[in-house]
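Undergrad: Now for the letters of each chain:
There are 2 protein chains.
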Amino acid sequence: MHGHDALSFLLALATLLGVARLLGELARAVGLPLVVGELLTGILLGPTVLKRLFPAAQTWLFPTGTAADMLSGYTTFSVVLLLVVAGLEIDLGVVRRRGRSALTVAALGIAMPLVGGLVLGFAVPDSVLGATQNRTLFALFMGVALSISALPVIAKTLLDLGLFKTDVGLLVMTVAMLDDLVGWMAFSILLGPMRGGRVEVAILVRTIVLAATFALVCLFPGRRLVDWVLGALERSPDHAPGRILSFVAVLAMLGASFTQAIGIHAVLGGFIVGAMVGDSKRLRERTRLTIHQFVTNIFAPVFFASVALRVDFVKSFDLVLCVVVFVVATLAKLVGCAGGARLTGLGWRESLAVGFGLNARGAMEIILAILAREAKLIDDRVFVALVTMAVGTSLLAGPMMKRLLYAPKLDSNAMLDDAARLVNDGAFIPSLKATTSAHAIEELGRALTETIGELVEPALISVLERELDAPTGLGDDVAIPHAAVEGLARPVVALGLSRAGVDFDAPDGRPARIVFLLLLPPKAYENEIRVLAALARSVFDAAARESLLRAQTLEDAVHSLEEHGRRIRDRVPRTRSLADL
Amino acid sequence: MHGHDALSFLLALATLLGVARLLGELARAVGLPLVVGELLTGILLGPTVLKRLFPAAQTWLFPTGTAADMLSGYTTFSVVLLLVVAGLEIDLGVVRRRGRSALTVAALGIAMPLVGGLVLGFAVPDSVLGATQNRTLFALFMGVALSISALPVIAKTLLDLGLFKTDVGLLVMTVAMLDDLVGWMAFSILLGPMRGGRVEVAILVRTIVLAATFALVCLFPGRRLVDWVLGALERSPDHAPGRILSFVAVLAMLGASFTQAIGIHAVLGGFIVGAMVGDSKRLRERTRLTIHQFVTNIFAPVFFASVALRVDFVKSFDLVLCVVVFVVATLAKLVGCAGGARLTGLGWRESLAVGFGLNARGAMEIILAILAREAKLIDDRVFVALVTMAVGTSLLAGPMMKRLLYAPKLDSNAMLDDAARLVNDGAFIPSLKATTSAHAIEELGRALTETIGELVEPALISVLERELDAPTGLGDDVAIPHAAVEGLARPVVALGLSRAGVDFDAPDGRPARIVFLLLLPPKAYENEIRVLAALARSVFDAAARESLLRAQTLEDAVHSLEEHGRRIRDRVPRTRSLADL
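Heads up: the protein sequence lines correspond to chains C and W, in order.
For the first sequence, position 244 matches number 243 in numbering that gives the first Met the number 0, and the numbering has no gaps at all.
For the second sequence, position 292 matches number 291 in numbering that gives the first Met the number 0, and the numbering has no gaps at all.
Among the clues, some could well be false.
Intra- or inter-copy, both count: the list cannot distinguish identical chains.
[Claimed, not checked] List time: in silico SDA-like cross-link candidates among lysine to any residue, alpha-carbon distance up to 25 Å:
no., residue 1, residue 2
1, 280, 17
2, 432, 499
3, 375, 24
4, 375, 205
5, 314, 53
6, 375, 64
7, 401, 419
8, 432, 545
9, 375, 206
10, 375, 3
11, 314, 95
12, 314, 373
13, 50, 260
14, 280, 21
15, 375, 92
16, 375, 6
17, 50, 253
18, 280, 434
19, 432, 498
20, 401, 322
Keep in mind that the hints were calculated from the coordinates and are not lab data.
Work out the full structure: start from the sequences and follow the hints.
TA: Shown next, in the form of structure tokens:
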């Protein structure tokens, strides 16, 4: 460590991280994604602004040479960890269980953007092609780039709309996972021959075989091995979280080294390792959170901020290109995903909502664009267009889904939107005896015997199966186990409160103290979404939950729900989704 | 990011982290400090072993050039964060409150090693001096190097021996903090002129003034400012931990840049920022833990492993020098600290225990040695000798303190060592009403009215004051509030159980469910230590605690304590301290 280089490195790091976090928070405050603020940092501190105004200061703050290499060590580590975090979101269990209908949507959701990308690739003038001037590669890349989805953005949007655990929500998540798996594989494979600038069939085949083998080995025997190792590490109570953290980091770096060595990009290794590790039930929420926090707050901002340090966004901004890329990307995803969803039996509103949800590209697209630019496959104009498209599609997702799924005319049917009335017509248990989610479901189900008679047994079976499929803890102390029940004419709810809380595997790791058991008539996706959202909204704020938790009788509970219902009736939940990665 | 360099970097990182964590855990398993395994990694993979056996493989795995610079970006970031974590351990409140007696010990604990270092510095042959060949600087550095203490090692040792919250324990901790503050300041100031190889008075004065100003500004107005900012960040419930993480990282990098820029080393900035931030009560235990986990498991191992990558430990091992440094270091610290402790009124056994505790140098000494070697102030032989001394003194601390404080002959007084008898002669509350530590203390104190009569009031005041001074939550659900009470002839205990738990600010953040109120005759340090240890040991294992928590009557409680007392009577608590940083 030489004094001067260390100083440059530390100062550049402090500046990038500090400004990126500040601008990120500002962006979030005005409803933009965090990543927009982080990218803006590079625009301000890079050639676009600072270098124009104070070239000497810019060169002093971000020198080339050793200090730049030190910084690139940091950003390399960052991007691999970023993809590990992305991989951690993949839940192979859900993909397996929800596979059939998801496959249709995913296949169309990849095929249509691929077509769009190819069209785009062959329509653009030569001047837009990257340094390689290889139109086939460029078109293929654009196809892959348009097919990617932003799993974290989608997950957050669904959570905020109260749709995360609905069938529509699960479908969207599963499709996004499949899209991401296929997209990153395809992209990584393209990067190999890309580097040379020509597609050599032999190299391409070798790369595909190696990448596929790597992914299969990791995701099947590797996943079981990791699960076993994590189990062994967990059993040693001392220092287990620390050991697991090291284990994940080493695996990620090894995976990244391997994929880099076989000629595909390091990020694929990180991504696959993330998926391999994240699937293990033994990876505790706490460990996941620790990794996530460090990556989001210490590594990712510097990575995104450093991007625009080397690109002049003003000079490279091509309005026509930006609009074309945005329109093609959105149309292709909408046609593919909404069409696929319609084929699986969803209504057109739900299908379009699925399309807009999956249209969000988020930070993943930006990472892809950065790597493609580094590989000289795209020039700065296409890069800027892809970044703009990523931000734009992410911004569009929440409001469009909200508009489609919470359309005003549907709200006229007051009964469905009224949590209080549903509970009043259903059942209420002020203090659940159950300590597990299965027992809580049974206890609530039995309480509905008067209401639904002999449908209780089949209803319980459906709900328990649905719960096994994907647990329904929403976080914030609330869980809504639910299922469609053959023979039911209208939605039925039983509400139970639990002082000690019952674990419903919520994303925030907290046990549920408010449990709504919801039974729905079959094939009523619209109802499902709206009733679920109504229930979730009725306990949206902490005050409403605290008031409800004090209820001792059905009257108390109904009264509490009515009171808070009135207050929020006309408010649609704010989407925080856009504010995140 | 160029493909080949990225690969080299990622592979080197994976190898260093993986091997260092493996060897670290192995070292821990055989009772050695973690850092020994991490250092061994560099020895195995560096010039000492791998380069001797397979020079080509070594150069391939750890190339020079860009990849090496990328790795050095990672290790630079690591060492700054390492010092932040060290700084976080500094509790300025304790230093202020415990200042008087601690100052004596700290002053002597710095003066004696300084004398020892100077003697050593002027006695060694020319050949041992570093490249600068400046004997004055070398002697000053050795003085500073011998005066440093390893706060984390000391804290862990005290925790394991059940002494952390005793007066002896607090004294040792406070002295270690003072030693560290002074030592790191002095070392950083020395590094400035060191670089030139000559001591220029003007530069030295400038450096001292700047460093002192920096430290004072950070630790007084800065500390309050940080506290205010953390408070503001805490109040925004969304994403607060993430924001605080970023804030701490940016502050650390800025502090490090500043100290580096004014000609002292970056690590001082990290250390001072750590102390400034760590003192804030608003820094939640969770955030502290997240930082600590990432540093210990992702950053520190690579830093320590990369050290020996550039040093040939076999060629540079000078047995005579190692022994001399070890002996001088130990003698100087023992004379200084044990002497100082004796002056403040401790018995000789306790004083010697204080001396051995503060003699532990741990990883801090190793960091110091690394930086001095990089500044070319010491050569590889002195470097190896300092590392050996650091490991040796850390290994010695636990066993020596144990031997001195738990001497068998003292155990003959069975009464004192018998938690069961103490509780039997005292009081028992099976279910505390109190929900705060102050109320719990009062409740337990009132229960002793029959036993100690009118001493209850003064006793309560002493215990409450003592609790304010430093909370007595030991962790693992146990708290032992205690104080010396004028007029008391023998130790008196009241035991209270609490289902909900009472917060005694334990290091593990968990509320206490088992609370021993312990009143002691004044000036009985030996008793204090032994009774406290006896109480702590009586609930050492989880089974003992669970059995005790089921007690409904005094008889149940005494029976439970007796039963588990028999089982562990002859076991002395195992020190885990040595196994950590």
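Undergrad: Could you tell me which of the hints above the structure violates, numbers in ascending order?
TA: 3, 11, 15
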